[in-house]
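A.B. asks: With chain A fixed as given, assemble chain B onto it according to the hints.
Protein chains: 2
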Amino acid sequence: MITIDSDRDIMLKAIERARKTMNEDKGGPFGAAVIDAEGNILSVASNTVLSDHDASAHAEINAIRAASKKIGSHDLTGCTIYTTAHPCPMCLGATIWANIKNIIYGCRPEDADSIGFRDDFIYEFIRNDLSDTNILKLDEKYREECLKLFKEYDAMDKEIY
Amino acid sequence: MITIDSDRDIMLKAIERARKTMNEDKGGPFGAAVIDAEGNILSVASNTVLSDHDASAHAEINAIRAASKKIGSHDLTGCTIYTTAHPCPMCLGATIWANIKNIIYGCRPEDADSIGFRDDFIYEFIRNDLSDTNILKLDEKYREECLKLFKEYDAMDKEIY
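Chains as they are written, first to last, in the numbering used here: chain A, 32 to 192; chain B, 32 to 192.
Chain A on its own, in the form it takes in the complex:
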């Protein structure tokens, strides 16, 4: 007998994982899970920014990394990601790079905001064309040197992923 978890069951697993690591002081109250096209759970993960000393260790990125490791490919085409909160731009980007086309999220950006996580300011920064130098300053330098590398790559005629 094959047991396929319901949509709600999957979200509850993500919540349960987040609750565990939150209580262990490993990170914030965020969980995620990746399922494949057949509904099999490939990964369940949570935010471990504090315990991993890694600002990128958000729940969605951890779930994508674990799912990719499980199937041995960075390409998660056909998968769906469940996340207990609307993804930040970093996690949104990782989802798109992993070729995942469906995100099911629980809490809204304003919910995260109400407990002090200001995820939305990065979206605002991007919508304002990365121009707020109080958040981040971007300078272009040594473009010619870096372009050489691109040209070498281009000459190798590799598959783009």
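Because identical chains cannot be distinguished in the list, a pair is counted as satisfied if it fits within a single copy or across any two copies.
The list that follows gives simulated cross-link-like pairs (lysine to aspartate or glutamate, EDC-like), each with its CA atoms no further than 16 Å apart:
| hint | residue 1 | residue 2 |
| --- | --- | --- |
| 1 | 132 | 106 |
| 2 | 101 | 83 |
| 3 | 57 | 47 |
| 4 | 100 | 67 |
| 5 | 51 | 183 |
| 6 | 189 | 55 |
| 7 | 182 | 144 |
Treat the hints as calculated values from the structure; they're not laboratory data. These numbers were taken from a predicted model, which means no experiment stands behind them.
C.D. replies: Chain B only, in chain A's frame:
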């Protein structure tokens, strides 16, 4: 005698690392380095999406992870990140979450575009309010269940990071 690498030397180290892993077929032609406020190099890394089976293993994310591991904290306040190409939204987000306020980049988005890496489409997706369902579909579900977790976290009165 303390040797501090020049700006250009640091970028060249990032290029050199990228060239190595590109030629080993570990990932794309992208390198990055993180230096601390005193100019010490904390990390040099490159894109290892293919060899790590990890869509999030872009050069900047790898460099941020390595630098954080080196100092034992997710907080890279005062650091600068060098990257051979303008960061994608995922890497931009990771940089901001790591509290890095300066990015020095080499190639422009249009340069990446010209060798087939369409990083800019994720910026476009965000600027268009995540509305293009050909790229990604976001659905809100089980918000009430997820909100419980936020409320538990809020009641713990933890430091926000």
